[in-house]
Amino acid sequence: MKKLKFPRKLSCVTLASFLLGSASLVQAADIKFSGFLSVGGGFVDDEKGLPYGGYSEEDLTFDSNLLGLQVTGNISDKLSATAQIIARSSDDYSLNSEWAYLTWQVSDNTKIRAGRLRTPFYMFSDSLDVGYSYAWITPPREVYSLPFNNVDGLDVYSTGTLGSFDTSIQVYFGGFSDEVDFNGTLAPTKTRNQMGVAATLGKDWWTLRAAYHTADLWVDVTQAPLSSTATIGSFAQTLGAFGFAKNGDKLLLEDDKTTFSEIGLNIDTGRFVAALEHTELEAKDSLLAKRIREYVMGGVRFGDWLVHLTYSRSKDDTAHPEEGIPAGVALPVVGSTNFLIGTLQAVAATQVETRDVKTIGLRWDVTSGTALKFQIDDVDDEVDGDQKLFSVAVQTVF
Amino acid sequence: MKIFTPLLIAIPLLSFSLFSSAEIAVVVHPSSGVASLTEDDIARIFLGKSKSFPSGAAAVPVNQDEGAPARDKFNEAVCKKNSSQYKAYWSQLVFTGKGTAPKDGGNDAAVKALVAANPTMVGYVDSSVVDSSVKVVYKIP
Chain A
1 MKKLKFPRKL
11 SCVTLASFLL
21 GSASLVQAAD
31 IKFSGFLSVG
41 GGFVDDEKGL
51 PYGGYSEEDL
61 TFDSNLLGLQ
71 VTGNISDKLS
81 ATAQIIARSS
91 DDYSLNSEWA
101 YLTWQVSDNT
111 KIRAGRLRTP
121 FYMFSDSLDV
131 GYSYAWITPP
141 REVYSLPFNN
151 VDGLDVYSTG
161 TLGSFDTSIQ
171 VYFGGFSDEV
181 DFNGTLAPTK
191 TRNQMGVAAT
201 LGKDWWTLRA
211 AYHTADLWVD
221 VTQAPLSSTA
231 TIGSFAQTLG
241 AFGFAKNGDK
251 LLLEDDKTTF
261 SEIGLNIDTG
271 RFVAALEHTE
281 LEAKDSLLAK
291 RIREYVMGGV
301 RFGDWLVHLT
311 YSRSKDDTAH
321 PEEGIPAGVA
331 LPVVGSTNFL
341 IGTLQAVAAT
351 QVETRDVKTI
361 GLRWDVTSGT
371 ALKFQIDDVD
381 DEVDGDQKLF
391 SVAVQTVF
Chain B
1 MKIFTPLLIA
11 IPLLSFSLFS
21 SAEIAVVVHP
31 SSGVASLTED
41 DIARIFLGKS
51 KSFPSGAAAV
61 PVNQDEGAPA
71 RDKFNEAVCK
81 KNSSQYKAYW
91 SQLVFTGKGT
101 APKDGGNDAA
111 VKALVAANPT
121 MVGYVDSSVV
131 DSSVKVVYKI
141 P
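So the sequence lines, in the order shown, correspond to chains A and B. Per this note's numbering, the first sequence starts with residue 1, numbered consecutively. Per this note's numbering, the second sequence starts with residue 1, numbered consecutively.
Don't read these hints as lab results, they were simulated from the structure. Do not take every clue at face value.
[Said to hold, decoys possible] Below, computed lysine-lysine pairings styled on DSS-like, alpha-carbon distance capped at 27 Å: (1) A/K203 x B/K49; (2) A/K78 x B/K98; (3) A/K257 x A/K290; (4) B/K135 x B/K80; (5) A/K284 x A/K257; (6) B/K49 x A/K32; (7) B/K135 x B/K73; (8) A/K203 x B/K139; (9) A/K48 x A/K315; (10) B/K98 x A/K111; (11) A/K32 x B/K81; (12) A/K315 x A/K388; (13) B/K81 x B/K135; (14) B/K103 x A/K111; (15) B/K139 x B/K73; (16) B/K73 x A/K203; (17) A/K111 x B/K51; (18) A/K78 x B/K51; (19) B/K51 x A/K203; (20) B/K103 x B/K49; (21) B/K135 x B/K103; (22) A/K257 x A/K315; (23) A/K203 x B/K80; (24) B/K81 x A/K203; (25) A/K284 x A/K190; (26) A/K358 x A/K388; (27) B/K98 x A/K203.
Remember, it's a predicted structure, so these values are computed and weren't measured experimentally.
Make the full structure from the sequences, and use the hints.
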């Protein structure tokens with residue numbers, strides 16, 4: 001959070017002018033740099049078991065490092081440009097522009113932003129990459145499970161008071177295009193008409209949050225393999241050939257109305273901290289399960305130490321792409337409709353997660369701006385069995 | 001009386017050691033229309049929840065530098081946050097584009113000089129440095 005004032009001849013430093021081309025046109029641009037760093041390592045209890053949190057080895061590996069830099073340039077009193085670039089070890093430290101937006105401060109309480117923004121899915125979405133800002137090394141993975149966190153569009157953010165309570169509301173509209181991992185295959189993904197609202201109500205030591213999002217979602221799952229010879233795409237065609245095109249559609253993610261809702265509570269009295277969130281993701285008429293995820297966390301501070309316990313779980317509802325296909329009807333080639341039903345149910349089942357995770361963690365604020373964290377996650381997955389993850393991280397802001 | 005003498009000496013000594021950090025004054029520009037502020041008003045301004053005084057006039061908070069004794073005492077008494085919590089609070093806002101932490105204005109003398117020169121600023125200094133160049137609107141004992 002240091003503030004640097006650049007003399008004009010330095011204002012064309014490659015990075016700054018690249019990020020803030022518009023700002024460098026302004027004489028004596030007022031540029032602020034903030035940064036954050038996370039260096040983390042861990043090992044699992046059983047490397048034959050389920051990989052968790054990016055860790056799959058019994059030997060200590062340091063695979064979740066991240067360096068972020070945020071640059072904000074004031075173009076005028078009311079207008080500023082912000083960019084955040086992050087280098088992650090999981091991505092070979094290639095630089096990624098996570099955010100880049102223009103902010104127009106309409107009034108003291110309202111701002112409009114346009115560009116690439118962080119989607120306000122979760123309570124800690126905004127500072128998701130800034131581990132220093134929360135107690136865990138990473139927020140509970142069961143809940144914080146959406147593979148995309150940014151949106152290209154615009155939003156309006158407004159703060160206010162309601163009686164003696166503080167309120168905020170954020171409304172956005174946009175969409176994004178990316179590739180996400182689907183059953184081990186990189187699937188081109190996009191959302192259109194994505195919009196949402198996130199609101200908070202709080203006072204002193206507590207904040208209540210609720211959010212609702214909706215979007216038309218495409219995930220190209222057609223190339224995902226079903227067997228050595230078939231893909232989801234080819235199976236959808238097979239369904240169509242047997243006169244069950246509707247069920248083929250239910251297998252695919254094409255322009256499916258998707259909703260995501262969240263409620264959360266965050267408490268920090270100084271001595272005690274607590275947080276809970278409940279989220280539901282539903283993509284109608286698709287193979288995606290209804291994802292029902294939640295966690296509850298509580299902790300106590302002792303000076304510079306914070307001990308916390310978290311219980312999080314996934315309790316997904318299976319999708320039913322087989323609905324409408326009569327059972328036991330004889331068919332050529334595949335024998336009977338039971339084969340189609342069985343395959344559809346098996347595909348839908350791959351999208352279901354049923355898991356309990358108990359976490360104990362310790363945060364030590366070494367100095368103001370630097371925290372050392374230890375965490376043990378005890379995972380109990382209905383399909384993949386048990387696993388334990390031991391992890392450690394140093395996280396700073398500067 | 002002989003028994004009481006050490007006690008009479010000990011009491012002020014004890015209270016001195018318990019309250020060894022001096023009184024802090026929250027100050028504004030002498031021309032400011034603000035006569036006094038409540039702890040809540042000040043906390044809202046310094047936590048970025050409000051950008052103006054209750055009267056509606058613009059308010060620009062200025063911090064003392066990290067490590068300054070007045071800063072820690074002010075943050076704990078008014079913002080109810082120790083230095084780590086204070087940093088974590090702002091890191092949530094700064095990296096989201098939702099807020100900007102108050103600027104660090106230096107020590108008692110530097111902050112007093114800043115406030116004395118800026119009619120919109122509000123700062124805090126050790127009471128011992130207060131003079132007519134600034135106006136006290138709140139005191140933290």
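Here is how each hint holds up against the structure:
Between the alpha carbons of A/K203 and B/K49 the distance comes to roughly 11 Å, so the proposed pair stays at or under 27 Å and holds. Note on A/K78 and B/K98: the hinted pairing holds, with a Cα-Cα distance of about 14 Å set against a maximum of 27 Å. Under the criterion of a C-alpha separation no larger than 27 Å, the hint pairing A/K257 with A/K290 is consistent with the structure, at around 13 Å. The hinted pair formed by B/K135 and B/K80 meets the criterion: a straight-line CA distance of about 24 Å does not exceed 27 Å.
With a C-alpha separation of about 6 Å, the suggested pair A/K284 and A/K257 falls inside the 27 Å cut-off, and the hint holds. Restraint check for B/K49 and A/K32: satisfied, since their Cα atoms lie roughly 21 Å apart, inside the 27 Å limit. Under the criterion of a C-alpha separation no larger than 27 Å, the hint pairing B/K135 with B/K73 is consistent with the structure, at around 20 Å. Restraint check for A/K203 and B/K139: the C-alpha separation of about 23 Å stays at or below 27 Å, so the hint holds.
The hinted pair formed by A/K48 and A/K315 meets the criterion: a straight-line CA distance of about 24 Å does not exceed 27 Å. As the CA atoms of B/K98 and A/K111 are separated by approximately 9 Å, the hinted pair is consistent with the 27 Å bound. Distance hint between A/K32 and B/K81 is fulfilled; the C-alpha atoms sit about 24 Å from each other, no more than 27 Å. Taken as a hint, the A/K315 and A/K388 pair is honoured in the structure, with Cα atoms around 20 Å apart against an allowance of 27 Å.
A C-alpha spacing of about 25 Å is found between B/K81 and B/K135, which places the hinted pair at or below 27 Å, so the restraint holds. Of the supplied pair hints, the one linking B/K103 and A/K111 holds, its CA atoms being roughly 21 Å apart against a limit of 27 Å. For the given pair, B/K139 sits about 12 Å from B/K73 by alpha-carbon distance, which is consistent with the 27 Å threshold. Among the hinted pairs, B/K73 with A/K203 is consistent with the structure: their alpha-carbon atoms are about 22 Å apart, no more than 27 Å.
Between the alpha carbons of A/K111 and B/K51 the distance comes to roughly 13 Å, so the proposed pair stays at or under 27 Å and holds. This hinted pair checks out: A/K78 and B/K51 have alpha carbons roughly 14 Å apart, not beyond 27 Å. Pair hint B/K51 plus A/K203 holds up; C-alpha atoms about 17 Å apart against a cutoff of 27 Å. A distance of roughly 15 Å separates the Cα atoms of B/K103 and B/K49; the hinted pair therefore holds under the 27 Å criterion.
Between B/K135 and B/K103, the direct Cα distance comes to roughly 20 Å. Compliance with the 27 Å bound is thereby established for this hinted pair. A hinted pair counts as satisfied when its Cα atoms are at most 27 Å apart, and A/K257 with A/K315 qualifies at roughly 21 Å. For the hint pairing A/K203 with B/K80, the CA-to-CA distance comes to about 13 Å; that is within 27 Å, so the pair holds. Pair hint B/K81 plus A/K203 holds up; C-alpha atoms about 15 Å apart against a cutoff of 27 Å.
At roughly 16 Å between alpha-carbon atoms, A/K284 and A/K190 fall within 27 Å of each other, so this suggested pair holds. Straight-line distance between C-alpha atoms of A/K358 and A/K388 comes to about 10 Å, which keeps the hinted pair within the 27 Å bound. Simply put, B/K98 and A/K203 have alpha-carbon atoms about 18 Å apart, close enough for the 27 Å limit, and the pair holds.
Checked against the numbered hints given earlier, this structure breaks none of them.
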